[in-house]
Amino acid sequence: MAQDSGTRTLISHSQLSRGRGKVIYWTLLVVVVAGFTLVFLGPLYWMVTGALKSGQEIAQTPPSLFPKDPQPQNYIDAWNNLALAKLLFNTFYYAVGAVLFQLVFDTAAAYSLSKLRPIFGNVILALMLGTLMIPAMVLIVPQYVTVIDLPIVHINLLDSPFAIWLPLVANAFNIFLLKRFFDSIPEELMAAALMDGATSLRTLWSIILPLSRPILGVVSIFAVTAVWKDFLWPKLVMPSPETRTVSVGIYAFAGGTPMNVVIAASVIAAIPTVIIFLIFQRNIMSGLTTGSIKG
Amino acid sequence: MAITTVPETPRKPGRPPSPYSARPQRTSLGRKVRDNLTGHAFLIGAVLCFVVFSWYPMIRGIVMSFQRTRRGETTWVGWDNYSRIIADPSFWTAWQNTFYFTVLALVLGYVVPFFVAILLNEFRHAKGYLRILVYLPVMLPPASALFLFKFYAYDPSEAGLFNAILKALHLPTSQWMQSPEMTMPAMVVASTWMNMGGAVLIYLASLQNIPGELYEAAELDGAGIWRRIVHVTIPQTRLILALLAMLQIVATMQLFIEPLILANGAGAEDSATSVAYLIYQHGFFQNDLNGAAALGVIMLVVLAGFSAVYVRLTAKQD
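Chains as they are written, first to last, in the numbering used here: chain A, 2 to 296; chain B, 818 to 1135.
Simulated from the structure, these hints should not be mistaken for lab results. Take the hints with a grain of salt, since some may be wrong.
Reference listing, derived: stretches of chain B covered by chain A, where coverage requires no fewer than 3 residues with Cβ under 8 Å from a Cβ of chain A [unchecked claim]:
hint: 1; stretch: 870-877
hint: 2; stretch: 945-956
hint: 3; stretch: 979-989
hint: 4; stretch: 1032-1045
hint: 5; stretch: 1063-1071
hint: 6; stretch: 1091-1100
Just so it is clear, the structure is predicted and the values come from calculations on it, not from any experiment. We treat Cβ as the ideally placed atom computed from N, Cα and C, and that holds for glycine.
Modelling step: build the complete structure from the supplied sequences, incorporating the hints.
Here you go:
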């Protein structure tokens, strides 16, 4: 996403850099930057500082812009009373596992569909992509029934991290992203490796994967944020307090906890994804656009 | 050159290598079987997960909707689950609310990101900053963002953020989630704030693919900014606009976490109950998984109907 100052957009470059156009452009730019900061950053500011206010201060009218008497105790209470360390650890654990399972199984599947192309591969791909059309809410009940009593083996996965990890492997969007990337790797590289007697696994490991670091990064980031943001599924399959994710834990406590403490906990829960975003925003944005546009 | 019929021929020189298969074409049956087995060995992990957690539940959901399980005994009950779920006093309210939300979200959550993207695309400065801002809320856990709206923004007293702003502007304040009329608009605002970043970035990427000459030509023909948007920008991004409309309808029809957190589920006078929330209620609180499965099937049929209309409309345009 380079600065494309060269390409012509709706309004011509020259019109924006001369006389009246220039004035309008800069006024609009300032208004939009200020407005967007207010609309998108403002609520976050309100959240972080609001959680520092005392119970009385939060109820006062008009609301104060800065906390008069900051109460960091709210954050400490949130951390201790809601056992946030445990909740964050659980979520982190599920996220890391989700990344590993998706990287191993989805990469292998995409490699097979892209390069090995076994018989019925296209049928399998079509069936996988078909699941993109099925809304998650439609599947929630039969999925839950399946997870509490897996067919044939009759294992109950409730409160087991596999209940989060395995369903996430069935992610057609990831397989599609990976397959499209693998498709763009020249066949000659594969052929050369095969000439040297490399096995399929060896080719995947030492030729395809090193070339695919960007897309593997995108898939990993999506996996982490998906686990961190998900709510209903972890709420259903992780019912006991010891296995909850952070969002579900905060929701479970919200009823009997002072609202400033709930907000403080919400701030803490949001920090990891915000940090991931600020570090990897380029990868996230490119993954988002390549995945959806050129499909 | 004679083409041999011996199956063992290593490679027929005249045949170009297949563009797809990395392996040189060989005719040995054993080799073919082995290659296919390798291919499927790589697929098996993902395929098993799809079978167990996606394909099988799809079929099972339909089967369950015609069964009833009581005290461990499962019997076929025909359309009973469907008639019971339709008779639920909240059934029609839930559909009404869901459609209302979908329409409001199309007006706000669909149109706004497009124009935001057009605006951002014109700027030569602060582009990266604005893009990060718009996408930032998408990265928040929805529960976190919704608690923020619930406790701080939609506080019905004058201490709430929105009411304080309205009061400062000398406008009437609102009860927000406690007023049945405001419940849906308030949920749409929260939902749009949380989710619009994705759409903006996708539009931005497609706007950058529009050839500049088209705008040039339109301008030479005397088209103003608005006519350039209507006659160049929108036709050029037609496919992505149509695709995102469909995706958004599917997403908004599954409205769940907003009513759950903002409105404690049903909301004032049932004004927040959504179809997805009703599925959750029946399945996990009223111990009626079969009824919930039936409602899921109904939702699937409605969305399939939407998709059929969508395919019709887009096919006609091309």
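To see whether the hints hold, each was checked on the structure:
1. 870-877: Held - the stretch 870-877 of chain B has 7 residues with a Cβ nearer than 8 Å to chain A, which meets the minimum of three.
2. 945-956: holds (count 10)
3. 979-989: holds (count 3)
4. 1032-1045: holds (count 5)
5. 1063-1071: Our answer is that it holds, as 3 residues pass the Cβ test (under 8 Å) against chain A, meeting three.
6. 1091-1100: holds (count 5)
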